[in-house]
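A.B. asks: Residues per chain, in single letters:
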Amino acid sequence: MILTPLHLCLILSSALFCIGLIGALTRSNAILVLLGIELMLNAANINFIAFWRYGPNPEAGTGVLFVVFAIGVAAAEAAVGLALVIAIYRHQRSIRLQDARLLKG
Amino acid sequence: MSLPVQLLWLIPALPLLAAGLGALTPRSGRKLASGAAILAMAGSFLLSCGALMTALADPAAHLVHNFAWLDLGEGVLRLGWLLDPLTAFMCVMVTFVGLLIFIFSTGYLHEDPNFTRFFCFLSLFAAAMLGLLVANSLLLLFICWELVGLASYLLIGFWFHKPSAAAAAKKAFITTRIGDLGLLLGMLWLYDSTGSLLFYDGGQGVLEATALGGLVAQTTIGGLAVSTAIGLLIFCGAIGKSGQFPLHVWLPDAMEGPTPVSALIHAATMVAAGVFLIARVYPLMAVDQGLATTPLHALTVVATIGAITALMGAMIAVAQDDIKRVLAFSTVSQLGYMMLALGVGSWVAAIFHLLTHAFFKALLFLGSGSVIHAAHHEQDIRRLGGLRGPMRITFVTFALGMMALSGVPFLFSGFWSKEAILHAAQGWNVSHLPLYAGLAAVVLTAFYMTRLVAETFFGSARSDEARHAHENSPVMTVPLVILAVCAILLGFIGTPAFPWLQSRLMGQTEVHGHSLFEGGGLMVLSIVLVAIGIGSGWALYGRRPRTTTSALDPIEKISPGLFGALRARFGFDELYAATVGRLNTATAALADGLDRYVWDGAVRFLAALGEFAGFVNKEADEDVLNGGFDATNDKIRGTARLYSAAQTGGAHGYMRTVAIGFVLLVLIVMLGGGL
Amino acid sequence: MTIPFLIIAFVTLVPAAVAMALRNLIHSSLLLIASWAGIAAFYFWAGAEFVAFAQVLVYVGAVSMIVLFAVLLTRHTRIDAGLAPDSIGRALAGLLAGGAVFGVLLGAVLSTPLRVGAKAAAQVPVKRLGLELMNHHTIALLAIGILLTVSLLGAVVLAATDSKGKGATP
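So the sequences go chain by chain: A, B and C.
For the first sequence, the numbering used here assigns the number 1 to the initial residue and increments by one for each residue that follows.
For the second sequence, the numbering used here assigns the number 1 to the initial residue and increments by one for each residue that follows.
For the third sequence, the numbering used here assigns the number 1 to the initial residue and increments by one for each residue that follows.
So that you can see chain A by itself, here it is in the shape it has in the complex (with noise of 0.2 angstroms):
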């Protein structure tokens, strides 16, 4: 079995992405949760770039846009989730995800 580059960057984007899940899982932080996810997010986005860097059409920049598009809906993202995490703080005066219940049936 030969380990390409490609491989290299497929092994390091995995391992972000489980280091960003496991946080996400673990920790009771509902920050260090929503950190948790960008970290899973940027971990897909590496992907992105190892395909389009190794893949046989590189010239078409396709990759290069659609991280550009994934950053962008990433900052969306991450400033309503951290303004949901202030607004639940308020509610409730802790930012423990387990004292977030109220979608239980």
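No wet-lab data here; the hints were simulated from the structure.
Take the hints with a grain of salt, since some may be wrong.
To give a feel for the contact side, a few chain A residues facing chain B, derived at Cβ under 7 angstroms [to be verified]: (1) Ala24; (2) Leu25; (3) Leu97; (4) Arg101.
Every residue gets a Cβ at the ideal spot worked out from N, C-alpha and C, and that includes glycine.
Given chain A's structure and the hints, the job is docking chains B and C onto it.
C.D. replies: Chains B and C in isolation, oriented as in the chain A frame:
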């Protein structure tokens, strides 16, 4: 030992490294942070000496090393390093003065809990300043220019828990930003007209004949040559950074920072960056000189602003009571001198004065810091006095600095550099007004410095703080002594008989001396003026020293109105508050009113419409439609209760479920060979 | 070729992992900035300079600031007491689930024979990128613009206080 231009980046890189290290050091790592900063500065000093060797080997050459930085698609943005005698002399000065001030700071701040942060900021400043000096591109210079401003902001506000310090930091940052906007516009215009921002680039740079010829040939609004317009915009940046009239108001307030910061940034190096910038782009500023058609020469404006600042700063300094504010206005005035020299066409005299001024002004500031430290942060000269006895080293070095600044003849460096400027002003064929302003400032400078020394060191101690003052530890006095020696000796590299510095800066290898007393009339006149200044200062303040803290100042007795105006610094701060500040407030009030009444009203109207529609809807719903649905809903609710057991409301659970589902999906695909 | 990549991977992964484990939220946020900068370095290494700049601007510059503000606005004390996983069970479940995902991802990546394009890294100049955005992806660009505007307004509405102090206004 010489340093090739390709490695010039090492000079700013070392302090940058130290800044990074300082940022990562915990608060207890005092020795580590200060040691790293001082070592890096010493290393930079040695490298700068190497660079000076390289530059002096061929002073006429502009050694450059350019490299591509950013690919813009069409064309590449390039940055680079530049090594010529101007850069090399400045680097040596900044690193040497900086090194001494770093050492002094270890003593001055040794009780401060944020010691490591201070050294981190200082190193950051040094890195940015050195980057500014070695830049071969207006863009790189601008980046470092802003970094220097940031470091200055951080350091003025170092004691940010003092509201005055926080306000002063903000004021300094915003005021200099006004000038920086001009610099930015000038830079963009320059790039638009020439397609490059490199200073020297083998014939293609903006300071070389081809580009300059193109710039001066075009005209813009009002018949101004494009080069003049760009030069004036760049000069705006220098006005802001170097505390020139009318943007000088931030510099005296910047004295809220710790005294070593005032010495390093607001006396010796950063404020001189404006002078350096104009000297660096001097070919651009001067190219319109021969042009008869233009209504305005860029350098005329520079000379005018410089003359106004030199005179005004010296006048205000006469009536200040805070030891550091006197020195701050003196700095404003001396920077005006340098601008004046640039404007009348002698940039080498400006750089000579910049170098000598850096040493003796750093000396004076550190001396005042030594006084302040010994007198438990008492800075008001009315409450000091009599420090001559207990603080002998500080007194002697401070007095030497004072004589250098006043221009006491022959022995002191300030004399020679000021003579060079006055000579240049005399030789200016446009007007002699700058010369007269300069001569008037000579008297005033000697006068206020005598007043400062007499009030601080002579007479009797007028407060408990002053009575209990004693000399500081060697870590603070040794830098003073070294700087004092430099303040004397440095003048001899540029006397009229042996203008070594000037000829190297001009790119000549041999030194053409003149008679030492060339233009003797002017020299005699200025010596007489210095004598008048010191003599009258001593007569008013030294012979009959102030005995109580509340006694009136001698000038106040003679002319209260004039003294009041001077003490209020001609009311520039109030003027700005009344004009710019009020305009800002009015605009904000207008925007607030628009928001509150116009837009909000519209929104409220829409909301009322929506509410009305909702009311109609509700009425229709409740009476007409509800009945039939109720029965169905009951059944659905039963089923939903079953499903909702899985909805715990905890986000962690949901995420975990998604993750496990994903794992299962991948396993099915991989092991089951697809679905 | 690989050495810079390994360095970049190191400065990306290690701060991220440490950030997810620290108790001090401020330190976590600062470490994440380092990690984001590492990702920007990766983009640079891969030849996507524009994306690297966007990453620096958006993440290192902007998102980090919002995060720090959110931390400062919501904390009681410097050390967040409720931060440690408060139930060991949940922490274990989280670690297991995350580890499982990493396992299958790694397995999938390693077992896939990937052919790397023989071409050298293609430069996509900023101008080309801009033209692409304005020609083929105009709709997406507009949609992103609207999304950003709406989310900005939404964030303001969510975080704004009611003048009566009853909490967030809907």
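A.B. asks: Would you check whether arginine 101 (chain A) satisfies its interface hint, that is, whether its CB is within less than 7 angstroms of any CB in chain B?
C.D. replies: 4 angstroms, holds
A.B. asks: Taking the closest Cβ pair, is leucine 97 (chain A) under 7 angstroms from chain B?
C.D. replies: This hint holds: leucine 97 (chain A) lies near chain B, its Cβ roughly 5 angstroms from the closest one there, short of 7 angstroms.
A.B. asks: Just to be careful: measuring from the Cβ of leucine 25 (chain A) to every Cβ in chain B, is the smallest value less than 7 angstroms?
C.D. replies: Where the cut-off is 7 angstroms and the nearest Cβ of chain B is about 6 angstroms from leucine 25 (chain A), the hint holds.
A.B. asks: Hold the hint about alanine 24 (chain A) up to the distance rule: shortest CB distance to chain B must be less than 7 angstroms.
C.D. replies: 6 angstroms, holds
The structure fails none of the hints (numbered hints given earlier).
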